[in-house]
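Undergrad: Sequence:
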Amino acid sequence: MQQDIVTSTPEHTANSARRVIKNTRGTRMGYLVFNGQPSGVPCGVREFSTEGAVLTMNGWMGVPDAFSLFIEPDSVKVDCKVMRKRGSKVQVSFETWENNVRYRTR
Numbered sequence: 003m004q005q006d007i008v009t010s011t012p013e014h015t016a017n018s019a020r021r022v023i024k025n026t027r028g029t030r031m032g033y034l035v036f037n038g039q040p041s042g043v044p045c046g047v048r049e050f051s052t053e054g055a056v057l058t059m060n061g062w063m064g065v066p067d068a069f070s071l072f073i074e075p076d077s078v079k080v081d082c083k084v085m086r087k088r089g090s091k092v093q094v095s096f097e098t099w100e101n102n103v104r105y106r107t108r
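When you read off a place in the sequence shown, starting at 1, and then add 2, the result is the number in the working numbering.
Derived from the structure by calculation, the hints contain no laboratory data. Just so you know, not all the hints are guaranteed correct.
[Claimed, not checked] Cβ-Cβ distance ranges computed for the label pairs, FRET-style:
(1) Asn-101 <-> Gly-61: 28 to 36 angstroms
(2) Lys-87 <-> Thr-29: 17 to 25 angstroms
(3) Asp-81 <-> Thr-58: 28 to 36 angstroms
(4) Asp-81 <-> Pro-44: 12 to 20 angstroms
(5) Gln-39 <-> Thr-98: 12 to 20 angstroms
(6) Asn-37 <-> Lys-87: 17 to 25 angstroms
(7) Phe-36 <-> Ser-90: 14 to 22 angstroms
(8) Asn-60 <-> Gln-39: 29 to 37 angstroms
(9) Ser-41 <-> Ala-68: 27 to 35 angstroms
(10) Lys-87 <-> Ser-51: 12 to 20 angstroms
(11) Gly-64 <-> Ser-95: 24 to 32 angstroms
(12) Gln-39 <-> Glu-100: 26 to 34 angstroms
Predicted model, so just to flag it, every value in this text is computed and none were measured. Idealized CB from N, CA, C, for every residue including glycine.
Construct all of the structure, not just a fragment, from the sequences and the given hints.
TA: Shown next, in the form of structure tokens:
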């Protein structure tokens, strides 16, 4: 059974607008992009909120301290800062937020 949770938050950064996020239980698909690379590293995005998330890396542990994360199907790009690494999980905080950004073009 899936439960939808609707949350809102005040401005996250000085130039961002108020956001309303529809949050569902489960794992979203995300892609880590860093150093201007054209391709990203896939990851699972869990415990997603307006402030941060927990990423599941599936064996790849070369996560830099700061990177961009594209979250699908939400069309969201966030700049992340690593807060904690434990096993295959990485806890991140969100620094900046952009809506309607696609990681891949069809």
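Undergrad: Can you name, in rising order, the numbers of the hints this structure does not satisfy?
TA: 3, 8, 9, 11 and 12
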